[in-house]
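**Q** Given next are the chains, with one letter for each unit.
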Amino acid sequence: MSTSQADSKGYVGKFVRTKEGRAPLLGKAKYTNDYTFAGQLYAHILRSPHASAVINSVDVSGAKKVAGVRLVMSGREVAEYTNPITDYLDPAVFGGKSADIRPMAVDRAWCFGQPVAIVVADDANIARYAASRIQVDYTPLEAVTDAEQALAEDAPRVVPEWDDNLLMYVPFVFGDTDSAFASAAHVVSTEVGIHRFSTQPMETRCYNAVWEHDTESITLYATSQNPHPLRLVLAETLRMPENKIRIIASTIGGAFGMKMHGHPEESLLCLMAKLTGRPVKWVESREECLLIGAREQRHYLEMAFDDEGRMLGLRDRFYANLGAPSACPGWGMAFLTGLTMPGPYRVRDIDVQVHAVNTNKPSWNAARGYGKESTAIALELAMDHAARQLGMSPVELRLKNFIRHDEFPYGSPTGLMYDSGDYGGALSKALDAINHEDWLEKQAQALAEGRYIGIGVAFELTPEGGAIPGTMVAGYDSSTVRVGPDGTVRVLTGITSPGTGNATGIAQIVADELGVDIDHIEVLQGDTNASPYGFGNYSGRSTIVGGGSAALAAQDVRKMIDKVAAALLEVDLEALEFQDGLYFGRGKPGTPLSFAEVCYAAYTRAYDVALCIEPPLEVTRTFRPPSIRHTPDKNGHINPYPSYSNAAYVSVCEVDRETGKVELLAISAAHDCGKVINPVLVEGQACGAIGFGLGGVLSEEITFDEGGRQLTRSFVDYVMPRMSDVPDITMVHHDSPNPDTYLGLKGAGEAGVGGSAAAVVNSVNNALQPLGVLIHDLPLSPPRVWAAIQAAEGGH
Amino acid sequence: MEDLLHMSALIQLRIDGELHELEVLPNATLLDVLRDEVGKKGTHMGCRTGHCGACTVMIDGKVAKSCITLAASLPRATITTIEGLQQDGEMGPIQQAFWDEAGLQCGYCAPGILLSTAELLADNHQPSAAEVDQALAGNLCRCTGYQSIKRAVHSACVRMYPDQETGIEEG
Numbered sequence: 021m022s023t024s025q026a027d028s029k030g031y032v033g034k035f036v037r038t039k040e041g042r043a044p045l046l047g048k049a050k051y052t053n054d055y056t057f058a059g060q061l062y063a064h065i066l067r068s069p070h071a072s073a074v075i076n077s078v079d080v081s082g083a084k085k086v087a088g089v090r091l092v093m094s095g096r097e098v099a100e101y102t103n104p105i106t107d108y109l110d111p112a113v114f115g116g117k118s119a120d121i122r123p124m125a126v127d128r129a130w131c132f133g134q135p136v137a138i139v140v141a142d143d144a145n146i147a148r149y150a151a152s153r154i155q156v157d158y159t160p161l162e163a164v165t166d167a168e169q170a171l172a173e174d175a176p177r178v179v180p181e182w183d184d185n186l187l188m189y190v191p192f193v194f195g196d197t198d199s200a201f202a203s204a205a206h207v208v209s210t211e212v213g214i215h216r217f218s219t220q221p222m223e224t225r226c227y228n229a230v231w232e233h234d235t236e237s238i239t240l241y242a243t244s245q246n247p248h249p250l251r252l253v254l255a256e257t258l259r260m261p262e263n264k265i266r267i268i269a270s271t272i273g274g275a276f277g278m279k280m281h282g283h284p285e286e287s288l289l290c291l292m293a294k295l296t297g298r299p300v301k302w303v304e305s306r307e308e309c310l311l312i313g314a315r316e317q318r319h320y321l322e323m324a325f326d327d328e329g330r331m332l333g334l335r336d337r338f339y340a341n342l343g344a345p346s347a348c349p350g351w352g353m354a355f356l357t358g359l360t361m362p363g364p365y366r367v368r369d370i371d372v373q374v375h376a377v378n379t380n381k382p383s384w385n386a387a388r389g390y391g392k393e394s395t396a397i398a399l400e401l402a403m404d405h406a407a408r409q410l411g412m413s414p415v416e417l418r419l420k421n422f423i424r425h426d427e428f429p430y431g432s433p434t435g436l437m438y439d440s441g442d443y444g445g446a447l448s449k450a451l452d453a454i455n456h457e458d459w460l461e462k463q464a465q466a467l468a469e470g471r472y473i474g475i476g477v478a479f480e481l482t483p484e485g486g487a488i489p490g491t492m493v494a495g496y497d498s499s500t501v502r503v504g505p506d507g508t509v510r511v512l513t514g515i516t517s518p519g520t521g522n523a524t525g526i527a528q529i530v531a532d533e534l535g536v537d538i539d540h541i542e543v544l545q546g547d548t549n550a551s552p553y554g555f556g557n558y559s560g561r562s563t564i565v566g567g568g569s570a571a572l573a574a575q576d577v578r579k580m581i582d583k584v585a586a587a588l589l590e591v592d593l594e595a596l597e598f599q600d601g602l603y604f605g606r607g608k609p610g611t612p613l614s615f616a617e618v619c620y621a622a623y624t625r626a627y628d629v630a631l632c633i634e635p636p637l638e639v640t641r642t643f644r645p646p647s648i649r650h651t652p653d654k655n656g657h658i659n660p661y662p663s664y665s666n667a668a669y670v671s672v673c674e675v676d677r678e679t680g681k682v683e684l685l686a687i688s689a690a691h692d693c694g695k696v697i698n699p700v701l702v703e704g705q706a707c708g709a710i711g712f713g714l715g716g717v718l719s720e721e722i723t724f725d726e727g728g729r730q731l732t733r734s735f736v737d738y739v740m741p742r743m744s745d746v747p748d749i750t751m752v753h754h755d756s757p758n759p760d761t762y763l764g765l766k767g768a769g770e771a772g773v774g775g776s777a778a779a780v781v782n783s784v785n786n787a788l789q790p791l792g793v794l795i796h797d798l799p800l801s802p803p804r805v806w807a808a809i810q811a812a813e814g815g816h
Numbered sequence: 004m005e006d007l008l009h010m011s012a013l014i015q016l017r018i019d020g021e022l023h024e025l026e027v028l029p030n031a032t033l034l035d036v037l038r039d040e041v042g043k044k045g046t047h048m049g050c051r052t053g054h055c056g057a058c059t060v061m062i063d064g065k066v067a068k069s070c071i072t073l074a075a076s077l078p079r080a081t082i083t084t085i086e087g088l089q090q091d092g093e094m095g096p097i098q099q100a101f102w103d104e105a106g107l108q109c110g111y112c113a114p115g116i117l118l119s120t121a122e123l124l125a126d127n128h129q130p131s132a133a134e135v136d137q138a139l140a141g142n143l144c145r146c147t148g149y150q151s152i153k154r155a156v157h158s159a160c161v162r163m164y165p166d167q168e169t170g171i172e173e174g
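Protein chains in written order, with the working numbering: chain A, 21 to 816; chain B, 4 to 174.
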């Protein structure tokens, strides 16, 4: 029979909108904070003002006297009801250390902002006021806030029971780096300081825990990217069976990794609801949200080159400042930074040493790019530095060292199996897209006028869709496709959307596979009582595995409907035709049957025409990307990723010599995310990620005083890009389909952060080259750039 | 909080066309009154310091940050929230433009982006790119990198003023 599956007439590959995007524009989308229940109570959390302190006592009696207060608990009391929070990713699985992570500090605080006591009251203002009546007696201790200093033998211990502060040391050592460096014509050393910056979604976190008296269970309305795995963590932490917990992640106002779980408030709020028997809500303040860090790393890179500019060896020793231990998966970013080396380059002899270090700063959580952005920043700044030292153009040096397009699939030295790509082609496209030659002319003209325009390029490789054995980072995911007796379609997915539009992409795929109008499809995500077991949203995986599994399920349901249609029409399957929503038999005159009529028969005629299928019209399928391999190969390597998205970036900027302010003039990107389901939504993802990258390196920074108290407390201090800070972005696709996924999908959403960040920094350093200024310590905020210009001019 | 009512002020707000008489405490923000007393959940809390713009509403036709506006300072005012942008039950032209261009992603910043656009286009039928930047300077969006928002504002302008020769000028 003929089908209308995923062909040019369908929805896939086109810019389609569904109802998903409508509610927010009407002000009708329901975010977690929009749910309020009868008897609603509110929580406020008292946090440590010290980076490191012994807690001698917590006196909550003053808070309990405040009218309207329902419950007050110290960390020690909460610990009686809870187990330590289960790690999202246990560092011990990777050979690292594990600490007991309690929902609230017990006897000792190990970072500024750590929860120390909680108040539950009739309204949020009462809870906040009552918290100020809690008396905590601290003995402040010396804090350690620098990752390298934290490794000194006499450094204070973040976790008192540990021998040192090194959560994990991972060497990625392959080939013979010593020989490579010994035979090199040039060795270029580059030190790169990546600062602490964060994702800061516009919607902060919110949890509203409801005690269900009838079933003695908990329903948690949560800003969660991963409802099912969170449910397991809560079950273990709260000592409850998993089937007594339901998580509902409704519309999410941006997540970018921050709403992956392990946060103390998740289990705390559930406990408060259980103990009060009432719904308890907590809304994170922006000040609290800014406590969640990411990315701070210092890299010491060395690159060895032959006399033609071919890279022979790469060394990178780096230190990641993870802050205090956390059950959130943030620490894994440091591992990924190492694993993704040497990125897009062909060099085989590498010695990369990851030092993941705990300090007394607040903890990290996952942040878009998940460490791969730091690989790109470190490598690409070092490549530009090398180009300067070797007297080559940055483009020429990269083209000479990229993996060639005919070398895929390509096994990286760290064991990753890159599926496909054309890195040189992408870079050329990005340069063409921005009119590189024109900018070179404008740069020369500007310099003659005493203005400083710079052009920077960078490349970024983003393995996406990860799966780590023995963890809830599972790689695969599942979807249910359910067609009702009226022919309308319900899709239930194990993946979730933090506001990216993946439900639209999945509806496009299912509509094409079933051959139905996209308006007949409803996609439901994020309710653990309704969705198939799934792993949610992370690692650019949602369309690969959510779309892939929905496609498989839709194909199976379609086969069932076809069978019933053939039986109704009394034709062989081979003679069945389906066009424009109508079934008819080839060479068989008669009235065609509508899709809905056939579906109704599938439900109502189970004992005659529908005997050929097993009702109802519902199938759950899993997409398990076949290229993920967890059985180690002969080198002991696994391949944890099915997809290696990549992109080239060009940035053009002008630096004001008097003020140090960087103005971006243009950005281009050539993005390879495999098959594109919805071009506008994919471009939206990439442009958003570019916004993260340029904001991250130009203005966003979380700072601390010497004692480890956080100074960045609001958007006055944490400066994110506004419209006028983001230039026009020229986006071109340079897609090479992934051979191992449905339709050739790769991940989208993570690519953009590191590559654009590196291109911006390279453009600034290019602009400042005539002044003898080179900055590798980020961010390039005006005071820092101004100081570097002053220092260089003072040296003349 | 009943014992605090002797301190409250009576205010009269016409919110999205509907008149509300409210007793508000002197420290209540317009944001909290709209969300918790009137049920206008379309107006969002993002920072409570007036920087992000997710709480934006129009007060007597001018955009304002409801999180740093005290409700008691508005004894009588007309408020438009994002929920008041619909026309005859259909999406208004600005909403339709943002829909057509996929102007937003997660949508949490929508109140500010849409109302700031409405204020701009109400009396500027041909804004320059710099004027669009200026009008939306008080609104952070974390999802889009602003590219799709710029397209959508342009499209809204064309929808609202189809007789203008051009919409937003370059530069």
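Read the hints as simulated data drawn from the structure, not as lab findings. Fair warning: there could be bad hints in the mix.
[Unchecked claim] With a straight-line cut-off of 25 angstroms between C-alpha atoms, the simulated PhoX-like cross-links for lysine-lysine are: (1) B:K44 to A:K48; (2) A:K39 to B:K44; (3) B:K65 to A:K48; (4) A:K50 to B:K44.
[Claimed, not checked] Some residues of chain A that are not near chain B, with every Cβ distance over 12 angstroms (derived): (5) T235; (6) P261; (7) L310; (8) E638.
Computed from a predicted structure; not experimentally measured. Glycine is no exception: its CB is placed at the ideal position from the N, C-alpha and C atoms.
**Q** Which numbered hints does this structure break?
**A** 7
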